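So the sequence lines, in the order shown, correspond to chains A and B. For the first sequence, position 305 matches number 305 in the working numbering, and the numbering has no gaps at all. All you need for the working numbering is the position in the second sequence, starting with 1, plus 465.
There could be a bad hint or two in this list.
When the alpha-carbon atoms are kept at most 16 Å apart in a straight line, the in silico EDC-like pairs for lysine to aspartate or glutamate are as follows [stated by the list, open to error]:
| # | chain 1 | residue 1 | chain 2 | residue 2 |
| --- | --- | --- | --- | --- |
| 1 | B | 601 | B | 615 |
| 2 | B | 699 | B | 714 |
| 3 | B | 699 | A | 249 |
| 4 | B | 536 | A | 277 |
Far from chain B by the CB rule (all over 12 Å, computed), these chain A residues [as the list claims (entries may be wrong)]:
| # | residue |
| --- | --- |
| 5 | 28 |
| 6 | 55 |
| 7 | 130 |
| 8 | 165 |
| 9 | 194 |
| 10 | 201 |
| 11 | 422 |
| 12 | 439 |
| 13 | 446 |
| 14 | 462 |
| 15 | 463 |
Incomplete in silico selection of chain B near chain A, CB under 10 Å [as the list claims (entries may be wrong)]:
| # | residue |
| --- | --- |
| 16 | 533 |
| 17 | 537 |
| 18 | 550 |
| 19 | 555 |
| 20 | 559 |
| 21 | 693 |
| 22 | 698 |
Since the hints were made in silico from the structure, they are not lab data. Just so we're clear, the structure is a prediction, and the values are computed from it rather than from any experiment. Note that the Cβ used here is the ideal one computed from N, Cα and C, for glycine as well.
Residue strings, one per chain:
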Amino acid sequence: MDAKERMKLEPVPMPELEVSERLSSFAEVNLGYSEQDTQAEAERCLQCKKAPCREGCPVDVDIPGFIALIREGSYAEAGLKIKRTNVFPAICGRVCPQERQCQERCVLAKRGKAINIGYLERFVGNYLIAHPEEQINAAPATGKRVAVVGSGPAGLAAAGDLAKLGHQVTVFEALHRPGGVLVYGIPEFRLPNITVDNELETLRRLGVEIRTNVVVGRTLTIADLREEMGFAAIFLGLGAGAPIFLGIEGENLPGVMSANEFLTRVNLMRAFDEDYDTPVQRGRNVTVIGGGNVAMDSSRCALRLGADSVTLLYRRTRAEMPARVEEVRHAEEEGVIFELLVAPTRFLGEEGHLTAVECLRMELGEPDESGRRRPIPLPGSEFIVATDQAIIAIGARVNPSARLVMPGMEQDDGGHIIVDRETLMTNIPGVFSGGDVVAGEETVIRALSDGRKAAQAIDNYLRSK
Amino acid sequence: MFKIVDKQELAENIIEYTVDAPDVARHHHAGQFCIIRVHSHCERIPLSIAETDPQAGTITLVVQIAGHSTKELAQLEVGDAILDVVGPLGRPTRIGSPKRAVFVGGGVGVPAGNLMAREMKQAGAQVLGIIGFRTKDLVIYEDKLRAATDELIVTTDDGSYGYHGLVTEPLQQQLEAGESYDLVITVGPVVMMRAVAEVTRPYGIHTIASLNPIMVDGTGMCGACRVTVGGETKFACVDGPEFDAHQVDFPELALRLEMYGDEEIRAHEAGPHECRLEQSLNESG
Ligand SMILES: Cc1cc2nc3c(=O)[nH]c(=O)nc-3n(C[C@H](O)[C@H](O)[C@H](O)COP(=O)(O)OP(=O)(O)OC[C@H]3O[C@@H](n4cnc5c(N)ncnc54)[C@H](O)[C@@H]3O)c2cc1C
Ligand SMILES: Cc1cc2nc3c(=O)[nH]c(=O)nc-3n(C[C@H](O)[C@H](O)[C@H](O)COP(=O)(O)OP(=O)(O)OC[C@H]3O[C@@H](n4cnc5c(N)ncnc54)[C@H](O)[C@@H]3O)c2cc1C
Ligand code: SF4
Ligand code: SF4
Ligand code: FES
Numbered sequence: 001m002d003a004k005e006r007m008k009l010e011p012v013p014m015p016e017l018e019v020s021e022r023l024s025s026f027a028e029v030n031l032g033y034s035e036q037d038t039q040a041e042a043e044r045c046l047q048c049k050k051a052p053c054r055e056g057c058p059v060d061v062d063i064p065g066f067i068a069l070i071r072e073g074s075y076a077e078a079g080l081k082i083k084r085t086n087v088f089p090a091i092c093g094r095v096c097p098q099e100r101q102c103q104e105r106c107v108l109a110k111r112g113k114a115i116n117i118g119y120l121e122r123f124v125g126n127y128l129i130a131h132p133e134e135q136i137n138a139a140p141a142t143g144k145r146v147a148v149v150g151s152g153p154a155g156l157a158a159a160g161d162l163a164k165l166g167h168q169v170t171v172f173e174a175l176h177r178p179g180g181v182l183v184y185g186i187p188e189f190r191l192p193n194i195t196v197d198n199e200l201e202t203l204r205r206l207g208v209e210i211r212t213n214v215v216v217g218r219t220l221t222i223a224d225l226r227e228e229m230g231f232a233a234i235f236l237g238l239g240a241g242a243p244i245f246l247g248i249e250g251e252n253l254p255g256v257m258s259a260n261e262f263l264t265r266v267n268l269m270r271a272f273d274e275d276y277d278t279p280v281q282r283g284r285n286v287t288v289i290g291g292g293n294v295a296m297d298s299s300r301c302a303l304r305l306g307a308d309s310v311t312l313l314y315r316r317t318r319a320e321m322p323a324r325v326e327e328v329r330h331a332e333e334e335g336v337i338f339e340l341l342v343a344p345t346r347f348l349g350e351e352g353h354l355t356a357v358e359c360l361r362m363e364l365g366e367p368d369e370s371g372r373r374r375p376i377p378l379p380g381s382e383f384i385v386a387t388d389q390a391i392i393a394i395g396a397r398v399n400p401s402a403r404l405v406m407p408g409m410e411q412d413d414g415g416h417i418i419v420d421r422e423t424l425m426t427n428i429p430g431v432f433s434g435g436d437v438v439a440g441e442e443t444v445i446r447a448l449s450d451g452r453k454a455a456q457a458i459d460n461y462l463r464s465k
Numbered sequence: 466m467f468k469i470v471d472k473q474e475l476a477e478n479i480i481e482y483t484v485d486a487p488d489v490a491r492h493h494h495a496g497q498f499c500i501i502r503v504h505s506h507c508e509r510i511p512l513s514i515a516e517t518d519p520q521a522g523t524i525t526l527v528v529q530i531a532g533h534s535t536k537e538l539a540q541l542e543v544g545d546a547i548l549d550v551v552g553p554l555g556r557p558t559r560i561g562s563p564k565r566a567v568f569v570g571g572g573v574g575v576p577a578g579n580l581m582a583r584e585m586k587q588a589g590a591q592v593l594g595i596i597g598f599r600t601k602d603l604v605i606y607e608d609k610l611r612a613a614t615d616e617l618i619v620t621t622d623d624g625s626y627g628y629h630g631l632v633t634e635p636l637q638q639q640l641e642a643g644e645s646y647d648l649v650i651t652v653g654p655v656v657m658m659r660a661v662a663e664v665t666r667p668y669g670i671h672t673i674a675s676l677n678p679i680m681v682d683g684t685g686m687c688g689a690c691r692v693t694v695g696g697e698t699k700f701a702c703v704d705g706p707e708f709d710a711h712q713v714d715f716p717e718l719a720l721r722l723e724m725y726g727d728e729e730i731r732a733h734e735a736g737p738h739e740c741r742l743e744q745s746l747n748e749s750g
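Only chain B is shown next, with the shape it has when bound in the complex (with noise of 0.2 Å):
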């Protein structure tokens, strides 16, 4: 049983959780992850790790409500326990040494760039973060990677915050502008990274993208997490969930993640229909 210790309420629909975890909080690093078990009849759901701990022994957790296991675990409060947490799982992060760096967040993944940033300050890096939020209800973790960044981009689709755009649109306009990066981590929705993606690669910038696929062991012993990336099959839990974003198969990954989703399951009992996701990724280019 790991104990909740802190429960806040970021945004609608976003909570962060801090547990007692003390295995994890002591050996994660930056792009790891954790699988939890609400309760005893729950799916194993994997998240991000947002910030550790070590001397407390807790780590902290920021979940979007989404679905039916996120729905339970956001019923759970201080004092009570979170039935399972194993982790860190998947690679750390492979920041080498860059000299100006870039970490372009979107929504719930934004938190999982807190430690990002700070590890590739620790490496020598001058940081850029960008971060979007669809609107500035949404904005969660500002100030965190305002503090782990020395440069930091606020966008909101709807402009009510910050820049009015996409992460997207101040990242090309600063390798317009001739600005010279050597690493540009991404994490948030897929097409979002997919964008983030296509982005940098004229510019040949070496590009991570840090991969949600459904999981269910999170071990490398199932490979429901697979992706392709440079034509190869990998096990994002144990392959990564970081990889070379101009390698990766994101329509692919799209495609995936919506095995299990409910719409997903009755379109096809309905019979052949048009692909939603399809279009709109064919619409974002």
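For reference, chain A alone in the conformation it holds in the complex (with noise of 0.2 Å):
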């Protein structure tokens, strides 16, 4: 086939559940390429020299690479390409904003045609975890011990690296589940807690131990972990969790709740289960402020536990909207009542429980810092919105209590860890951090790509000593 006859091909849309079934269960919702679908999809790959795809892509996976082994169906080889530079494809396939990012580059992108290198991954991530690598192999044994600090992927890429390399590595977690926000945050429709736990299981096959309920610089001090415990390098993977009010009238009322307590009740006590305990607020009219993913997700999981509606208050318009493009489309399918050019001044309630919002009509103005248009009050626009349960999604900081974790450890004043660039190692010689800890809220991918970039530099520094 010649590249004008490839052009000519269709884009294989996913496979999706009916939106009917998708609102009474958690089931995922993009039920994943067949083996067809994916040589169809890839056969349509231009196969570029210069290939922009890549450059689209943080971590730089092989693209037209594995897409050319996909057509020989080598999928194990596939895999493999891509998990040189993204260990895990199975769940960057997923969650990645392709099309910010790999799939924006692609040649075809301008055709409204790019490559779905998202879907190819994943069908290749799935490929892996059903036929366990068992060429893993690890180098011979260093005698050192490094301890990761948190389970997100930060963490777990920089231990599986670590373990590749050599090293003996134990994962300390707060939580009683291993996973960061891809077991807290992302729910199951979106991404399976069950292929977070796959992944999990291969670092153990290489050896690496996770340790849940321990909160370092509570449950143990780093002097603990580097003195009594013989950790002779470390890194910090402790993610930007904590999350951020609006700081308007009512706020603390009943009902009114942050997209963390909610989606952490929903997805890792698993609320909408009921042989859990965990209990959750159902609302019946539900609002969601916010316009990335961690509002999409809440108005999703909103519509699954049963709200009437679910209406998404945002400040500026669709087009600034940080959320995946998927995730938007699946939540306006799914019901999901955009309110536009919209923000909350305060929260109103009647015998301690909320009962309303009242907001403020915004229009845009001059671009901001970071390049979009910034909203701006339209004085006078007040109205109500009326609601029993409102989740905010308008963002995370890092945690206040970072700093117990590592006396003296540089961070700047949103708390944020100071690294070299370079190795991403912090002021304190042998201590390493990367992801959202240094970079703010970010993506999977940055995550993981800080997290092997650390364990390279953590090996470097082990064996200079």
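Grab the two chains, each in its own frame, and use the hints to assemble them into the complex.
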């Protein structure tokens, strides 16, 4: 087939669960490509020499390379090729904002026919999980112990690479289940926890030990880890998990909660499942405040928990929404109502429970530092939205208690850990950091990439000692 | 897994567990708490730590059987294990260097005072303990508190044991008699802590309340535990659980504690209703 013919082929759509079925379960919405779908989609790739798609990928996955292997039917090899730079293809294939990364740069994007790189990556990732790779050959044991604090994507990626480099790795996680945002935040219908568990299993097979229920700085100190337990280097992947509130009147009324609380109850604590004890408020008329993935996830969870209506309040327009395009589409299909150019000004309650949120209309002004047009309130435009549950999803920041983890470690005013850009080492020798706790709220793939980079730097550090 | 090494029924529906949790035992300070999960489908339950034995690697918890999760905990016997124990969480009590201090505890809040009173004494204070219970059969930790304080007053609401009345009454009497204190720490039901704060407020005595809002993670990640202190929102699990009692918005705390009560949910489903709690708070002043 020549390029012209390939360009005529149509993108293969992702098979999806029917909307009616979605609303009554937490089952994954994207059902995944069949092998046939995968072949058909791979067929469309032009195998560009310069491969601009790769420039869009934060970790430079060899996209034409893995797609060529798919075409040959060499799925395991395709997976291993991805894994050279992205350790968790089954996860990133599902959650990367592809339309702003690899797929945005695909030469076919201009015609609106970018290769569905994420869907292909997901297929290959699933294939590897179904065919566990025996070929992970870890380097000879170095006898050095490395502690990884936090089991989000940054920590897990660091742990995996360090283990492959022959170090003895222990991951310490504050919660009772490892995975960070992947298990407490991102819902089942987008990223089933079993996908994360599979990756954890791979790590365990590499000899990584995972200890839950350890809040480093409280249960164990860094001094314990270094001096008593003999860890020669430490990676801090603490994330940026502290919820930001609006700071407006009525915000502490019962019925108002952070997306983190809502999602943690639903995902980590599995409140959607009757067999679990954790309660979650099931609002009738729910409002969600925000426009990112967290807001979409919250809205869609609320619908699945039986809300009559879910209204999303966002202070800019759809074009500025930071959420993945697919999530926005799914949310809309499922019935989430978007109230755009709207900002809440106060929460109103009766008899001790939320009953309404007062809002103000906005218009877009000049672009701000983020390049997005700044929302400006329209005076006198107040209006009331009746609601019995409000979920705030306007962002998260570094947990202020991260300062307890390592006294003397340099952090900026926002609490972000300051690291050397090359080595990701903090001002404390032997202590490294990466992921959201360094960069602020970012993406899974960036966290993974930091974890890997740090693993390499830690290896160099240990070998030079 | 955290093995239960001892279990005692202290009173009806109040159980004391001693649990193997060496790291928690070693790092714990008075005022901190832990979160447990009984089994894989269970809620996360925050509990104060009443005693630690760093050598034996154990911590002691005193639990009031309140609802579903604590009932499930009560099923566990010596030799069984609690699935998850994480701690110590929260900030340790900031005792400072008081000369004369009071611990005022109520019900299942009393055991937490054990370590606090001990630390106050270690800090050089002369310590008065006032501990209150509904009735004689519910009196717990009397001996421990007697040992940890210089003087102990036990009260019961029905007069079946000790002083007949509320904990605030002896406190008020001491203050009216001109006794001076520079620190009061209170742990117990919200209504009691609020009342203690009102008693000490006119005397300007630094008063600390250990708050018990609903929590999920206990690490500062969800904000379920937020409380208003001095007009600012704080997360009790990481900024507390202890706060300046004169600054705490107790009515808000009481409201938020009701959030997941079954009755509360049912009441909401049934439509508008008279809020019992607000009523009782108004009655109590
Ligand atoms: C709801 C939601 C949806 C998202 N959707 C997407 C998406 O679709 N695509 C995408 O790319 N990104 C998404 N993100 C962002 C992405 O999840 C994060 O950028 C990423 O998880 C950051 O990884 P991390 O390893 O730095 O930290 P985290 O995933 O936050 O993990 C940090 C871990 O460290 C633990 N920890 C913290 N302090 C301590 C301590 N002292 N001791 C022990 N353990 C500690 C925490 O409990 C946590 O488990 C989403 C985020 C949220 C909240
Ligand atoms: C920092 C902290 C320390 C605590 N220390 C202790 C302790 O040492 N011993 C002890 O017995 N309890 C303690 N608690 C309270 C304990 O966590 C709750 O009683 C328990 O979670 C109730 O769980 P349940 O499923 O059995 O009851 P539920 O069915 O959840 O609730 C039963 C009743 O208890 C109320 N309730 C729910 N959560 C709380 C709460 N956090 N505080 C007070 N009432 C609540 C509900 O509104 C309801 O009326 C502490 C709470 C906190 C936040
Ligand atoms: S890791 Fe993400 S950005 Fe990179 S190729 Fe895969 S899906 Fe695209
Ligand atoms: S730019 Fe698009 S067509 Fe070209 S190699 Fe990359 S994915 Fe294939
Ligand atoms: S319990 Fe979640 S932030 Fe305090």
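Now for the hints, and whether the structure bears them out:
For a cut-off of 16 Å, the pair hint linking residue 601/B to residue 615/B is broken: about 22 Å separates their Cα positions. Of the pairs offered as hints, the one joining residue 699/B and residue 714/B holds, with about 11 Å between alpha carbons and a cut-off of 16 Å not exceeded. Distance hint between residue 699/B and residue 249/A is fulfilled; the C-alpha atoms sit about 15 Å from each other, no more than 16 Å. In summary, the hint linking residue 536/B to residue 277/A is supported, as the alpha carbons are separated by about 12 Å, within the 16 Å threshold.
Distance check on residue 28/A: its Cβ is at least 22 Å (rounded) from any Cβ of chain B, clearing the 12 Å threshold; non-interface status holds. Distance check on residue 55/A: its Cβ is at least 35 Å (rounded) from any Cβ of chain B, clearing the 12 Å threshold; non-interface status holds. For residue 130/A, the shortest C-beta to C-beta distance to chain B comes to about 25 Å, beyond the 12 Å cut-off, and the non-interface label holds. Once the 12 Å rule is applied to beta carbons, residue 165/A is consistent with being away from chain B; the minimum gap is 28 Å.
Distance check for residue 194/A against chain B: the nearest CB is about 15 Å away, which clears 12 Å, and the non-interface claim stands. Residue 201/A, annotated as away from the interface, keeps every beta carbon of chain B farther than 12 Å; the closest lies near 17 Å. Once the 12 Å rule is applied to beta carbons, residue 422/A is consistent with being away from chain B; the minimum gap is 30 Å. Under the 12 Å C-beta cut-off, the non-interface status given to residue 439/A relative to chain B holds; the minimum distance is some 18 Å.
At roughly 20 Å, the least C-beta separation between residue 446/A and chain B is larger than 12 Å, which holds for a residue marked as non-interface. Distance to chain B confirms residue 462/A as a non-interface residue, since its nearest Cβ pair spans about 26 Å, more than 12 Å. Its beta-carbon lying about 31 Å from the closest one in chain B, residue 463/A satisfies the requirement of being farther than 12 Å from that chain. Contact between residue 533/B and chain A, as hinted, is supported at the beta carbon level, the nearest pair being about 6 Å apart and thus within 10 Å.
At its closest, the beta carbon of residue 537/B sits 8 Å from a beta carbon of chain A; the interface hint therefore holds under the 10 Å criterion. At about 6 Å, the closest approach between the beta carbon of residue 550/B and any beta carbon in chain A falls short of 10 Å, and the interface hint on this residue holds. Nearest Cβ of chain A to the Cβ of residue 555/B: about 9 Å, under the 10 Å cut. The hint holds. A least Cβ separation of about 15 Å between residue 559/B and chain A goes past the 10 Å threshold, and the interface hint is therefore violated.
Look at residue 693/B: its Cβ gets to within about 6 Å of chain A, closer than 10 Å, so that hint holds up. Interface hint status for residue 698/B: upheld, as the beta-carbon distance to the closest one in chain A is roughly 6 Å, under 10 Å.
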